[in-house]
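**Student:** Read off the chains here:
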Amino acid sequence: MITTLLYSMTGLLLFAMGLFTLFIHSHPLRKILAVNVMSTGVFLIMVATAYKPMPLGNIDPVPHAMVLTGIVVSVSVTALALLLACRVQETSNLDLLERKKQARIPEESRR
Amino acid sequence: MAATKETMEILYNCGTLFIILGLPFFLSGTVGLIRFPDIYTRLHALTKADNVGLGCIVCGLALQSGSWAVTAKLLLIWLLVLVASSASCHLIARSAMQKNIEPWTRS
Amino acid sequence: MSWMHTIFALILLPAIATGMFRILRGPTAADRMMTAQLFGTCGVAILLLLSTGMGNPVLLDIALVFALLAALATITFVRRTWHGSNKRNHGNPL
Amino acid sequence: MIYSILTLFDIILILTMLWLAWCLLNTEDIFKAVVLFISFGLLMALAWVRMRAPDVALAEAALGAGLTGPLFLSALRRMNRTRKGERRLDSDENREKEHKANQEQG
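Chains as they are written, first to last, in our numbering: chain Y, 914 to 1024; chain V, 60 to 166; chain C, 6 to 99; chain H, 5 to 110.
Bound-form chain Y, shown alone (with noise of 0.2 Å):
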C-alpha cells in the first residue's frame, strides 16, 4: 500500500516539474527531455496502481503492457522530436537571422 502511495507522489511530482519545465524554458532540446520526463511520470503512475506485494498475489498485467507499449512509442516519437528540431535549427535559424539583419540595415540607412 505505502509503495503505492509513494511511486503514485513520485510520478505526480514528475509530472509536474516537466510541464513547469515545459512552459518555462525555450530550447527545443529542453522541451523534449521534459516531455520525456513527464511521460515517465505517467508511466509510473500506472505501474503503481498495478502493484501489489509478493503474499497478495499475482500482479494486473494489462498496465504493464500499456507502459511497455507507451515506453516504445516514447523512444520513437522522441527520435523523430530531435531529428524536426535540428532540422529547424539548420534551416531556419542562421538564415533567419541573416535575413533580418539584412532587412534592418536598408530600413535604418533610409531613415
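Please note that a few of the clues may not be correct.
Quick look at which bits of chain Y chain H covers, simulated, 3 or more residues with Cβ under 8 Å [to be verified]:
(1) 922-934
(2) 946-958
(3) 977-989
(4) 992-1004
Covered stretches of chain C, going by a simulated chain H footprint (3 or more residues, C-beta under 8 Å) [said to hold, decoys possible]:
(5) 11-25
(6) 41-55
In case anyone wonders, no lab produced these hints; they're calculated from the structure.
Note that beta-carbon positions come from the ideal geometry of N, C-alpha and C, so glycine has one too.
Based on the hints, put chains V, C and H in the right spot on chain Y.
**Tutor:** The following block gives chains V, C and H in isolation, referenced to the frame of chain Y:
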C-alpha cells in the same frame, strides 16, 4: 553436484564474505570519483570499482547460487562489463591525451 | 527471498546518489560521462543483488542487457561529442 | 523484515530520482542535462524492478538507458555545430564545395 548440507553452508558463507569484500570497492570508487583531482586519477578509481568490485560480487553470488546455469550467466555479465568498461575507459583516456589534458602532478 | 542481499543493495544505492555530485560540478564533459558509466556498473551490481534478495531470477537478464548497452553511451560520447568537436578545427589535432 | 528494508530502498530511490529530475530540468548546460537523463533512465529501471515489473524494466534498460542517450548526444552535437555558423560536413552542398576546392587546388 553431490554436495552435503555442510559444504553448501560453507559455500554460502564464503559467498557472503566475497560480497562483503566487494562492497568497499564500489564505495571507494564513488569516493575516489568525487575526491580525486584529475581525469586520469578519476578513471583509475572508476576501473577499480568496475572490475574488482563487480568481480567480487559476481564471485560471491556464484558461490551462493548452487547451479551451473546461473553461474555461467553471472560470469557472462561480468565479462561483458569488463570488456565494455575497459574499451570505454581506454577511449576516454586516449581522447584526453589527444586533447592535451595534462596529468595532475603534486606541485 | 533473503534480507541480507537486500541490505547489500541498500548500501550500494547511496553510492549512486553521492556520485551525482561529480555530474553536477564535473569540470570536463568526460568526468560526467565517467560518472554515468559508474552508475551503470552500480546498477548492474544492485540488480544482481536484488535478484537474490527479491527471489526473482529474471533480473539477471536485465543486468545482462545493462551490461551490453552500458558502453554504447560512452562510446557515442567519445566518438561524437568529444572527439568530433575538435576534429572540425581545420584538421588541427589539438 | 524484508518489506521494511525494501521500503527504505524505495524511499532512497525516490529521493534520488526526484533530485535527479529537478537537476536535469533546471541546469544551464544542456550536455549536463543529457547525462543526468541517462542516469535517470537507469534509476527508472531500478524502480520498475522494485515494482515487480521486470518486462517493463527490460524495455526501459534497452530503450531508455541504451538508445535515448546516444540519440540525445548525437542531436546535441548536430545542433551545436550548426549554431556556430558551420554547415554540416556531410551535407551535399558542402561536399560539392569541398570537391570544387580540391579540384582547384589540384
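**Student:** So, for every hint listed, does it hold in this structure?
**Tutor:** Going down the list of hints, with the structure as the test:
no., hint, result
1, 922-934, "holds (count 7)"
2, 946-958, "holds (count 7)"
3, 977-989, "holds (count 6)"
4, 992-1004, "holds (count 7)"
5, 11-25, "holds (count 9)"
6, 41-55, "holds (count 7)"
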